[in-house]
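Assemble the whole structure, with the sequences as input and the hints as a guide.
Spelled out from the first residue to the last, the chains are:
There are 2 protein chains.
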Amino acid sequence: MISFSDIQHAVSVVAPVVHRTPLLTSRTFDNRSGNSVFLKAENLQRIGAFKIRGAYNKIAALSPEERARGVVAHSSGNHAQGVALASRLLGVNATIVMPRTSPENKVEATRAYGAAVVFSEDSSDDRERVAEEIRQREGRVPVPPFDDDMIIAGQGTVAVEIAEELKELDVLVVPVGGGGLIAGNAMAIKHLIPGVRVIGVETAGADDAARSFRAKQIVKIDPPKTIADGIRTQSLGRRPFEIIMKYVDDIVTVTDDQVIETMRFLMERMKTVVEPTGAVAPAAVYHNVLGQRGKKMCAIISGGNVNMKKLAKWLA
Amino acid sequence: MISFSDIQHAVSVVAPVVHRTPLLTSRTFDNRSGNSVFLKAENLQRIGAFKIRGAYNKIAALSPEERARGVVAHSSGNHAQGVALASRLLGVNATIVMPRTSPENKVEATRAYGAAVVFSEDSSDDRERVAEEIRQREGRVPVPPFDDDMIIAGQGTVAVEIAEELKELDVLVVPVGGGGLIAGNAMAIKHLIPGVRVIGVETAGADDAARSFRAKQIVKIDPPKTIADGIRTQSLGRRPFEIIMKYVDDIVTVTDDQVIETMRFLMERMKTVVEPTGAVAPAAVYHNVLGQRGKKMCAIISGGNVNMKKLAKWLA
Numbered sequence: 220m221i222s223f224s225d226i227q228h229a230v231s232v233v234a235p236v237v238h239r240t241p242l243l244t245s246r247t248f249d250n251r252s253g254n255s256v257f258l259k260a261e262n263l264q265r266i267g268a269f270k271i272r273g274a275y276n277k278i279a280a281l282s283p284e285e286r287a288r289g290v291v292a293h294s295s296g297n298h299a300q301g302v303a304l305a306s307r308l309l310g311v312n313a314t315i316v317m318p319r320t321s322p323e324n325k326v327e328a329t330r331a332y333g334a335a336v337v338f339s340e341d342s343s344d345d346r347e348r349v350a351e352e353i354r355q356r357e358g359r360v361p362v363p364p365f366d367d368d369m370i371i372a373g374q375g376t377v378a379v380e381i382a383e384e385l386k387e388l389d390v391l392v393v394p395v396g397g398g399g400l401i402a403g404n405a406m407a408i409k410h411l412i413p414g415v416r417v418i419g420v421e422t423a424g425a426d427d428a429a430r431s432f433r434a435k436q437i438v439k440i441d442p443p444k445t446i447a448d449g450i451r452t453q454s455l456g457r458r459p460f461e462i463i464m465k466y467v468d469d470i471v472t473v474t475d476d477q478v479i480e481t482m483r484f485l486m487e488r489m490k491t492v493v494e495p496t497g498a499v500a501p502a503a504v505y506h507n508v509l510g511q512r513g514k515k516m517c518a519i520i521s522g523g524n525v526n527m528k529k530l531a532k533w534l535a
Numbered sequence: 220m221i222s223f224s225d226i227q228h229a230v231s232v233v234a235p236v237v238h239r240t241p242l243l244t245s246r247t248f249d250n251r252s253g254n255s256v257f258l259k260a261e262n263l264q265r266i267g268a269f270k271i272r273g274a275y276n277k278i279a280a281l282s283p284e285e286r287a288r289g290v291v292a293h294s295s296g297n298h299a300q301g302v303a304l305a306s307r308l309l310g311v312n313a314t315i316v317m318p319r320t321s322p323e324n325k326v327e328a329t330r331a332y333g334a335a336v337v338f339s340e341d342s343s344d345d346r347e348r349v350a351e352e353i354r355q356r357e358g359r360v361p362v363p364p365f366d367d368d369m370i371i372a373g374q375g376t377v378a379v380e381i382a383e384e385l386k387e388l389d390v391l392v393v394p395v396g397g398g399g400l401i402a403g404n405a406m407a408i409k410h411l412i413p414g415v416r417v418i419g420v421e422t423a424g425a426d427d428a429a430r431s432f433r434a435k436q437i438v439k440i441d442p443p444k445t446i447a448d449g450i451r452t453q454s455l456g457r458r459p460f461e462i463i464m465k466y467v468d469d470i471v472t473v474t475d476d477q478v479i480e481t482m483r484f485l486m487e488r489m490k491t492v493v494e495p496t497g498a499v500a501p502a503a504v505y506h507n508v509l510g511q512r513g514k515k516m517c518a519i520i521s522g523g524n525v526n527m528k529k530l531a532k533w534l535a
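Residue numbers (the numbering used here), protein chains in the order written: chain R, 220 to 535; chain H, 220 to 535.
Read the hints as simulated data drawn from the structure, not as lab findings. One thing to keep in mind: the hints can contain errors.
The list treats identical chains as interchangeable, and a pair is accepted whether it falls inside one copy or across any two copies.
Said to hold, decoys possible - With a cut-off of at most 30 Å between alpha-carbon atoms, the simulated DSSO-like pairs for lysine-lysine come out as follows:
#1 K532 <-> K444
#2 K528 <-> K386
#3 K386 <-> K529
#4 K439 <-> K465
Listed below in structure tokens is the structure:
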């Protein structure tokens, strides 16, 4: 398991490259939630999502020999762009395996950063299989989406920024896919603000982490059906799971409809564009799924890379 | 005609109340435009548009006797919300005349700030007529949308923030409806950054200011058909026109399609929600209607109050 010093080191690596994203606030959101709410806007991060943090931290740590071999990654979207941009910034060749059903805008953006894209079937199993084949055939270094110490430490830099800005906090709310984001940030925020509660959020259709948390072992589910394409993972990674069991206080779920209503509020009132997965943690606060009042809460908006045609459908 | 000291005074009045909005940037926008571009995000202003600045400056300057009489205003949307919120903040009773075709969200927001809404026909003539009737009948003080010294001075506070942050600037690009925004900001920016060029932008269907600028006299057009509902004014105000002829260098037009494409880019890549009128000035820079390269440009995003159902239609 990583320690907080790994996250501190990641801050020194990624801070020169990533945006220090703002904390958004809205009186209407506060009133609706009954809490004092800050939204960490990683939709305004480079590549439009937090994933650049972990990917850059990982690839920056490779040896010159490893960098020369190039990297391979598999992702439903934002990790792909994170690895693609981090690779370009560090002069490393990248191949990305993406499911055929990935949003078009994410595939285009990945290619635009100079990475080669190879398609797989939809399941995380098949993504992993195709990436493993490429690794063996081409000798590339894998950059896993979440089950990796350097990735987890990189994602944890979000909470360091939150703690520096807010100083005090009652609850940190984080979306859960493979668990990299919540693992790094749970560890970081508990180190920096003792007493804070960390709550994970999934959509009801992708509740493998909530089940795993209760069962105290990793539960694997069928390929989830949910609007939140960034958390369509079938199970938590082993490394994130260990950290989650130690540092996370609860994992709750929201419905796809609650996610859409929150996306609409964020656009209409706060003028910020968020992808479905990015609205998952805010939705738990907006709809007060946590059942708390008068708390100082921060929810992480994980990303904002939404396909405009799909968005039009959800808004109509 | 106002002088720059009126705008300086307006800064001292409105600064404690309004947000100091950020200047947004995007490498992709820069590359597309061929210029170094800053977007002044008044869509993130209170009420979602710059109009709170002028309205607050105006109502704050009323005598106690005038405040007791209450105010009346007419507006297609954002000025309504500006007057409504400014009135509430200053404890003044407000009645707002809005055309029946105003976006539903703007009518709702105006009422939510505590103002009474009275509907008129669509033309600016009829809006004015209804507001004048209410003024005479109820003794309320009119808060004009643009043809007023205090309003113009209040809107001019945008450019003071821009100049403080950017220090140097080649071109300031501003949307033109009744002319209050561009008049105040042309005067302010030319005082603070000598040598800057100020360019007004309208949509092709609402080009009364461009025509007036060339004719060197106020030209009145039929009620304009354009997606940009905030600039559906039929003619410039007399006071703004005088200032425009002295301080503005040119007025250009963009098409409704260029506006929609720019709105889509701002959402998809910059994650910021802008109403059609708010995208008018950025559209001129994005589509390089100005035909310049290598310049430091700032375009004002005037507002972000867009109806989600209409937005869905434009994105589809």
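Each hint, compared with the structure:
1. For the identical chains of this complex, K532 and K444 are neighbours both inside a copy (17 Å) and across copies (26 Å), given an alpha-carbon limit of 30 Å.
2. Taking CA atoms no more than 30 Å apart as the test, K528 paired with K386 passes in neither setting, with 40 Å inside one copy and 40 Å between copies.
3. Taking the shortest Cα distances, K386 and K529 never come within 30 Å of each other, neither inside one copy (38 Å) nor across copies (41 Å).
4. Within a single copy, K439 and K465 get their C-alpha atoms as close as 20 Å, which meets the 30 Å cut-off; across copies the closest is 70 Å, which misses it.
The structure does not agree with the numbered hints 2 and 3 stated previously, though it agrees with the rest.
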